[in-house]
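Visitor: Residue numbers are given in my numbering: position 168 of the sequence shown equals residue 168, and the series is strictly consecutive.
The set of hints was computed from the structure by calculation and includes no laboratory data.
Please read all numbers here as calculations on a predicted model, not as lab measurements.
By construction, the Cβ of each residue, glycine as well, lies at the ideal position given by its N, Cα and C atoms.
Label-pair distances were calculated between CB atoms; the ranges are:
1. Asp55 / Pro135: 23 to 31 Å
2. Phe88 / Pro195: 38 to 46 Å
3. Thr47 / Asn176: 15 to 23 Å
4. Gln62 / Lys139: 17 to 25 Å
5. Leu147 / Thr39: 26 to 34 Å
6. Ser141 / Ala101: 33 to 41 Å
7. Gly174 / Pro195: 45 to 53 Å
8. Asp55 / Gln25: 33 to 41 Å
9. Arg107 / Tyr173: 17 to 25 Å
Result set (SDA-like, lysine to any residue): computed pairs, CA atoms no more than 20 Å apart in a straight line:
10. Lys56 / Ala106
11. Lys65 / Asn144
12. Lys193 / Thr34
13. Lys119 / Thr162
14. Lys65 / Asn142
15. Lys65 / Val153
16. Lys56 / Val109
17. Lys112 / Cys156
18. Lys71 / Pro135
19. Lys65 / Val109
20. Lys71 / Asn144
21. Lys68 / Cys145
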Amino acid sequence: MNTKMIRSTVLATAMTAAALGAQAQSATYAIDPTHTFATFEISHFGTSTNRGRFDKKSGSVQFDKAGKAGKVELTLETNSINTGTATFDKHLQSKDFFNSAEFPTARFVADKFSFNGDKLSEVSGQLTLLGKTNPVTLKASNFNCYLNPMLKVEVCGGDFETTLVRSQYGMVYGLNYGFSDNVRLLIQVEAIKQP
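Put together the whole structure using the sequences plus the hints.
Guide: Printed below as a string of structure tokens:
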């Protein structure tokens, strides 16, 4: 074997080892629905604040701590909206707002993780709602990974928030009455590392 072939073989082996090492660093986490909530807040004529959340959600996270990278997929069932008032829930599920019959889910897919040192600071991706997709960046106000003492496995999660402009998704009901176009979205999420 000549020197050139030896160098090529060594280089290929090193690249393969590096690729396998990078893959080994990435782990998959399943969203824990008992510790994951998507809550919205919207001003009601500048007086009080209307709040609600989606009770049914699912998703997964791929997270590479060493590589400071990852991917998130989170699906919310729009007919599971819960404001504490059944009449308001029905109105929000109607065509005036989420149109749950035609669009039963809202979906957030993110593939850009930003860090401040070793701490996750932002997750950026796309939110699809009412058949329209727009870029969204969730800012982390808290993030941590820990060994869950009951599950005996690593759990990662935190608190994230952003402000959506609902008319960008075609949700315009009440704007002519003075309802706010801006909706504050707060995501509390925990995800359990999978074997």
